[in-house]
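Participant: In case you want the letters, here they are:
Number of protein chains: 4
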Amino acid sequence: MPKANPKRESRIQKISRELILIAATEVFAGRGYRGATLDQIAEQAEMSKTNLLYYYSSKEELYLATIVSTLDVWLDSLERMDPDGDPEVELKRYISEKIRFSLENPAASRLFANEVLHGAEHSRSILTRRLKVLMDDKSKALRKWMQSGKLVRVDPHNLIFIIFAATQTFADFAAQIDIVTGKSLHDKRYFAQVARDLQQVILRGIISEQ
Amino acid sequence: MPKANPKRESRIQKISRELILIAATEVFAGRGYRGATLDQIAEQAEMSKTNLLYYYSSKEELYLATIVSTLDVWLDSLERMDPDGDPEVELKRYISEKIRFSLENPAASRLFANEVLHGAEHSRSILTRRLKVLMDDKSKALRKWMQSGKLVRVDPHNLIFIIFAATQTFADFAAQIDIVTGKSLHDKRYFAQVARDLQQVILRGIISEQ
Amino acid sequence: MPKANPKRESRIQKISRELILIAATEVFAGRGYRGATLDQIAEQAEMSKTNLLYYYSSKEELYLATIVSTLDVWLDSLERMDPDGDPEVELKRYISEKIRFSLENPAASRLFANEVLHGAEHSRSILTRRLKVLMDDKSKALRKWMQSGKLVRVDPHNLIFIIFAATQTFADFAAQIDIVTGKSLHDKRYFAQVARDLQQVILRGIISEQ
Amino acid sequence: MPKANPKRESRIQKISRELILIAATEVFAGRGYRGATLDQIAEQAEMSKTNLLYYYSSKEELYLATIVSTLDVWLDSLERMDPDGDPEVELKRYISEKIRFSLENPAASRLFANEVLHGAEHSRSILTRRLKVLMDDKSKALRKWMQSGKLVRVDPHNLIFIIFAATQTFADFAAQIDIVTGKSLHDKRYFAQVARDLQQVILRGIISEQ
DNA sequence: CATGAATGAGAATTCATTCAT
DNA sequence: CATGAATGAATTCTCATTCAT
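Chains S, F, U and C are the protein sequences, given in the same order.
Residue numbers 1 to 210, in our numbering, belong to the letters of the first sequence in order.
Residue numbers 1001 to 1210, in our numbering, belong to the letters of the second sequence in order.
Residue numbers 2001 to 2210, in our numbering, belong to the letters of the third sequence in order.
Residue numbers 3001 to 3210, in our numbering, belong to the letters of the fourth sequence in order.
None of these hints come from the bench; they were simulated from the model.
Don't take each hint at face value.
[Said to hold, decoys possible] DEER-style ranges, computed between Cβ atoms:
#	chain 1	residue 1	chain 2	residue 2	range
1	S	D39	U	E2121	27 to 35 Å
2	U	D2137	S	T128	28 to 36 Å
3	U	E2121	C	S3125	30 to 38 Å
4	F	S1148	S	R129	31 to 39 Å
5	C	D3082	U	E2061	48 to 56 Å
6	C	K3144	U	R2124	40 to 48 Å
7	S	E43	F	S1048	35 to 43 Å
8	S	R129	F	S1048	41 to 49 Å
[Said to hold, decoys possible] For lysine-lysine, the following DSS-like pairs were computed, each having C-alpha atoms within a straight-line distance of at most 30 Å:
#	chain 1	residue 1	chain 2	residue 2
9	S	K150	F	K1150
10	F	K1132	S	K138
11	S	K183	S	K92
12	C	K3059	U	K2049
13	U	K2049	S	K59
14	C	K3049	S	K49
15	F	K1059	F	K1092
16	U	K2150	C	K3049
17	F	K1014	S	K92
18	U	K2059	U	K2092
19	C	K3150	U	K2188
20	C	K3138	C	K3150
21	U	K2150	C	K3183
22	S	K188	F	K1132
23	F	K1144	F	K1132
24	U	K2183	C	K3049
25	S	K49	C	K3059
26	S	K49	U	K2014
27	U	K2144	C	K3092
28	U	K2138	C	K3188
29	F	K1132	S	K183
30	F	K1092	F	K1183
31	C	K3138	U	K2183
32	C	K3049	S	K14
33	S	K188	F	K1138
34	C	K3150	C	K3132
35	S	K92	F	K1059
No residue lacks a Cβ here, since even glycine has one placed at the ideal position from N, Cα and C.
Please take these sequences and the hints and turn them into a complete structure.
Facilitator: Given below as structure tokens:
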């Protein structure tokens, strides 16, 4: 039972678990928890289903592992927002990183969208521990900026949600964009345009002119 | 097969189909296509599963019917944006209607979020026909406003996506909001606050000051 | 869901459930809970496994149903022991009925032997309700006979256990008997011999001579 | 393959095989052949499953080994019944030893009960060789005692079965006893009471008064 | 000797769907 | 219209066993 002592994973274990995780993230992201099957994940990971279950002993456990393993990188860009920096600079960078992340890790991004869309039943406790804490923390930075007159006064949590939403939309709902515009974020020009538009609208919307 | 001549549905048929649709929308929205079962929908509709299948002869067909039936109302608020009106007024109203709609029809709202998130495989052609056409149309209005200097110049499609995203977030990802803020849009005060914040940020972001 | 209203079973339901129960009793008796498979039971019942699960929605539920349905007949012979009758007559009849029952319902008999042997984890509560109550009741009869000097003084519960054991042995452990003696209880002569020996030993053992 | 030359087992091999056997007896006894898993046995033996399979190359082989290894001790008390002794003394001792054995080796006791209950498919040939031979032998002693008028005339095999049954009941069906009486044979007082009752009933039942 | 890694053959369920009435 | 009965195709998970080291 490899889980017995997770600190002491052998090299091959680490690799296998990593491979599985990547495959699982992709499949779960693409079809949701219920829609994904272990068969698909095993195939994606080029591994027998039984072997997969040797590493993660249930679908649920594997799913949670994907959530946990992506949560960090997902939150990373927000995490790096510096409360002591200039809001315009910080927010510009955050938006740009966030949208870049969504583009580079579409699976991770969708994984969360799907999970949260369905009520976060699987990951509520994890999200409370990580997401809530981080957002509460960053809210303070935003509030400080608001108090010093650099940002328009809105609910800081709401502001983060709005940025979340606006940035993720382009990655998570790519199908919609493809249908409507025929374009894909993989088109570098379009990507740049989107980033610019997003930054412009959001920053204009919240930065106070003196 | 009742579908043979949909014009000639009896009264009871119409009612049954309607009941099923409502139930299906809710269940599909809550658990996704794969996650939903006909049993659940039948129970929600207070009807035997067999009977349900009498009206909609497959899960797929029923699912598509929910998409079609909700698409109209979902697009309605956008549809009513008047190209000849004042952009500030029109957009303010649009945002407020959109968020109100998401609140009042959370199921419909999530149904689409889920469908599009998963690539719109079931509904691509429908969306192309309806969503694309409408967005292309409204884009013209936006572009006109931009050209007359009333709105900042951004890609009009992107602008609509941003508004979509920002408004829907609060309905579709309610779980996230609940986790982070402990609040729900059903709390009227919070709802008003969200609407205000959204309007402020977006309108500030796109309305040009002369 | 046929279980919804068990009182209102249709004719075909009753038959199916009965057929399944018979098949299940046999298979469970022969191979134990874990050893039995739904496939085997379904085959025995000449029914698809899925259909079987339509009537009993899990293996556990089916197993409990077999326990419940056989418990009555299993306890019947003891139940009919008359506290006001003559102990010799009553016990003689009880022993003879018990062994006959074991012969005629070997599956039911073994079902219990197996269940109890493995700690009655599935049926503890049922047994408590039925078996305990009955044995407590009959113990009173035995005690009365003991007090009136008609029976030797032993613990009444123990006495019932001894009779249980002695009678069941010949049905439940038929394999042993077959191996050692080459005989089967289906051989009428042997059956009669066993019944006689049992009655003689037990009755001699407990009836007081004045 | 260590089995190749069982005489040439190293010390550590002997110990491992013994440990496995003890663990296996317990687990097989508690859950039956199908119900037991090699994982459980390996854990009980504090050994990896792979290593366990190094010593016993299949579940079946291990199971048979437990049967063989317990058969001796199980038959021991009967074996020691002396045909030249006094029947009352010999039988009294036998009963007392048998019930004590069942108490002290409940696993071994149940192992057989379970095996025989399920038709002794795994061990038929072994039982024939050992059990049958011994019982045939001891039957002669009993018959001799009957012919000399010291014992009631019943079928000697049946008599042994009855004693088997009556004594084992209290160990094998402990769950039943617990349910009905709330007592356990581990309670020394209760144990003594059971032994006394058993001896009294059986001996009264078969010893002839001159 | 000992263990970790891998696998195929089940096993219990679930679920959309069809059949008969 | 409506329902109960029946089923086959998944799907998750278990377990004995083999392979490699």
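Participant: Hint compliance check: list the failing hint numbers for this structure, sorted ascending.
Facilitator: Of the numbered hints, 2, 4, 10, 15, 16, 17, 18, 24, 26 and 35 do not hold.
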